[in-house]
Amino acid sequence: MSIKAVAVPKPRRHTWSGRATILLFLAPALLLYLVLVLLPIVQAVYYSLFNWNGLQPLTNFIGLQNYVDAFNSTLFTGALSHNLMVVGLSLAIQIPMALGLAMFLSQRFPGRTLFRVVFFLPYVISEVVTGILFYLLLQPDGAVNNILWSVGLDGLTRDWWGDLSVVMITMFFVISWKYFGFHMILLLAGLQNIPKEVMEAALIDGCGKWQAFRHITVPLLGPTLRVSIFLSVIGALQLFDIVYATTRGGPVHQSDTLAYYMYDFGLKRQEMGFGSAIAVLMFLICFGFALIYQRFVLSRDVDGATTSYVG
Amino acid sequence: MTRGVSMKEEVIVNLVPKRLIAGAAVLALVASACSSAAATPTAAPSVAAPSVAPVVTVAPTAAPVTIEWWHISTGEPGKSIWQSAADAYTAAHPNVKINITILENEAFKSKLQTSMQAGTPPDLFQSWGGGTMASQADAGMLKDITAAVAPWASTIDPGSLGIYSYKSKQYGIPWDMGMIGFWYNKALFTKAGITATPKTWDELLTDVDKLKAAGITPYAIAGKDEWPGMHLWTYLVLRNGGGDALTQMVQTGNWNTDACIAGGTAVKALVDKKPFQTGFLSAVYDKGEAAAMGNGQAAMELMGQWAPGVEQSNSTSGKGIGANLGYFAFPSVTGGKGGATDAVGGGNGIAVGKNAPAEAIDFLHYLNSPAVANQINLANMGLSTTVGTAGTVTDPNLQMVLAGRAQAKFVQLYLDQATSPAMGASINDATAGLFAGTSTPTQVCQAITTAAAKK
Chain L
1 MSIKAVAVPK PRRHTWSGRA TILLFLAPAL LLYLVLVLLP IVQAVYYSLF NWNGLQPLTN
61 FIGLQNYVDA FNSTLFTGAL SHNLMVVGLS LAIQIPMALG LAMFLSQRFP GRTLFRVVFF
121 LPYVISEVVT GILFYLLLQP DGAVNNILWS VGLDGLTRDW WGDLSVVMIT MFFVISWKYF
181 GFHMILLLAG LQNIPKEVME AALIDGCGKW QAFRHITVPL LGPTLRVSIF LSVIGALQLF
241 DIVYATTRGG PVHQSDTLAY YMYDFGLKRQ EMGFGSAIAV LMFLICFGFA LIYQRFVLSR
301 DVDGATTSYV G
Chain X
1 MTRGVSMKEE VIVNLVPKRL IAGAAVLALV ASACSSAAAT PTAAPSVAAP SVAPVVTVAP
61 TAAPVTIEWW HISTGEPGKS IWQSAADAYT AAHPNVKINI TILENEAFKS KLQTSMQAGT
121 PPDLFQSWGG GTMASQADAG MLKDITAAVA PWASTIDPGS LGIYSYKSKQ YGIPWDMGMI
181 GFWYNKALFT KAGITATPKT WDELLTDVDK LKAAGITPYA IAGKDEWPGM HLWTYLVLRN
241 GGGDALTQMV QTGNWNTDAC IAGGTAVKAL VDKKPFQTGF LSAVYDKGEA AAMGNGQAAM
301 ELMGQWAPGV EQSNSTSGKG IGANLGYFAF PSVTGGKGGA TDAVGGGNGI AVGKNAPAEA
361 IDFLHYLNSP AVANQINLAN MGLSTTVGTA GTVTDPNLQM VLAGRAQAKF VQLYLDQATS
421 PAMGASINDA TAGLFAGTST PTQVCQAITT AAAKK
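Residue numbers (my numbering), protein chains in the order written: chain L, 1 to 311; chain X, 1 to 455.
Honestly, the hints are just simulated from the structure, not real lab data. Among these hints, one or two may not hold up.
Here are the computed lysine to aspartate or glutamate pairs in the EDC-like style, where the Cα-Cα straight-line distance is at most 20 Å [what the hints assert, rightly or not]:
{"hint": "1", "chain 1": "X", "residue 1": "287", "chain 2": "L", "residue 2": "163"}
{"hint": "2", "chain 1": "X", "residue 1": "273", "chain 2": "L", "residue 2": "163"}
{"hint": "3", "chain 1": "X", "residue 1": "268", "chain 2": "L", "residue 2": "163"}
{"hint": "4", "chain 1": "X", "residue 1": "409", "chain 2": "X", "residue 2": "395"}
{"hint": "5", "chain 1": "X", "residue 1": "287", "chain 2": "L", "residue 2": "141"}
{"hint": "6", "chain 1": "X", "residue 1": "454", "chain 2": "L", "residue 2": "69"}
{"hint": "7", "chain 1": "X", "residue 1": "274", "chain 2": "L", "residue 2": "241"}
{"hint": "8", "chain 1": "X", "residue 1": "274", "chain 2": "L", "residue 2": "163"}
Using the sequences provided together with the hints, build the complete structure.
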């Protein structure tokens, strides 16, 4: 903890030339950030208060009506529920699976590197390519159903993208395929940072494999796991590319996500005001989650970050 | 440990906020038109364009003029026909330069929307008329060409010309117009013991039973694209209520009518027979519906004049079902108020941007001349709207479509084009519920009424 005391810089007196230098170096980044990040957010908030098709002048001010419409729309709440479903399934299935694989691949055995590359490969492929690939594989007469037929598992064949009750499960499967490798690599890196001495000491003390995993690996992997969960949740909330490349939210909006819903209503239907409202809601949901998560979950890992109390 | 922490901080600080903001910024930065994908005008491959002599109608002015023209005929023969027409015109008018930008359908819609937001629409551009054109006119982005077109307006099919008029002002002219009807596989109909094409909706339902009994998929449809089903629903509402009733529903936004519910009920009678190909709810138009027809795997589809070409290009053989392809007009509904010749149709045209020079309209006149119009017909690029060019439509099926266009006393432009993009998408959405079995006919009418009330 003595390191921490050193890490906090003492306030220094700046000379005028020093300040000018700071400003000079900061200006380009600050300007870009203002114009490309903050300004569009402010614009989106402003547009969201209008009934606007993107072409005509902004004259039809309707207050918060767009937000009221969104929450009254079963399509919006449906899209939100699909996002939450992906969040839940990611945490329950995708991360544990990635952890299991990371544990397996952190052991020494021949061909380990090959396996790492193979499992990481899906993450390197673009979302759209992944989407189109699985859209074709999972057609009613596609490769997956044909394999199921050929091995006599006729009962398991489905219209994967067309069956209202199956489509989100299919979507989650594709997302997991795409991203488990990324989380696996994160966790693998985390595992390699666990000091071997701790594990050795535990084993000498007669610690079982499960006990070692439960009481040494998981706690020491904590910081990495928390980041992995954070990225997974944010990713699930912003899901767009794969939905666009596969179902376009269909059939009958059963695979809509917030981002696709925003695109569909804002851009395709030219309801830019309403679409902006959805964008603002998405931003608030993601930003709110990020703040709360950083404050209460990640704060123990990143001491001194903006979200902790100062002074 | 330190390494892990620093990496994580970097991830959170750099990566996450950017991606968060990206969601919000998308709407603010990117402006895209992307109106509902209704017409997919695709032309069948055919003869290359012969060169033609342009019609000189105005004395060329000395000052050099540039016409910006955006079209979406990315493939042949359209691409060459437009290029040779532009070359011929500029050869006769040396002071005029025509800059052609060829864009893919969706990219075109995005780029057009952006250019309009900037207040600089191209001089000439692809249009389907109807609601999208109306909103462009309301925004002051189009040029009123009523007076300029008046001297030669009588050379254009009046019904088709009307689609590019809004509040009694002309904003563009058509170059292609057709009808939606049933395209069917004659061999499969014969195999199922059907001797004549159905004249009434009940006969069609009976034929569906016969086809199913013969182990044939009766009907190919693209559930994912929604609009093919919407056209079926529109036709049945039109047949039940008639043209006046349908026009009233579109104008007042009150769809809670007997005709609307009766139309939906008729659709449901078909859907309940499960006539569609496996996986129809996730099928797209070209690779799903048209491919099923082109490969002889389904007996019929309800589609516009471009169907034969799209069936061919999406079939495994690349040739479609050839002479087995037949056409019949949408059947009548017993007891319905709509006439048997009333139709749902639409086509392609060119709208005129607000800054277009007079030469741009003169060039439209040239595009409308028999010289270019006959090429459009001969190449199966579309069904020209120029009066007196019917003779160059040689395909017997397309001749039937053309005859239907001539006979129709009432033509409803595709509903998702006739209305605003938002309204069109709402109609597509609502009717899709009928095919997925998630909405009743009454709920469909209510959903459209609710969507209309918002505007």
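Hint check results:
no. : hint          : result
1   : X:287 / L:163 : holds (19 Å)
2   : X:273 / L:163 : holds (18 Å)
3   : X:268 / L:163 : holds (19 Å)
4   : X:409 / X:395 : violated (24 Å)
5   : X:287 / L:141 : holds (13 Å)
6   : X:454 / L:69  : holds (10 Å)
7   : X:274 / L:241 : violated (32 Å)
8   : X:274 / L:163 : holds (14 Å)
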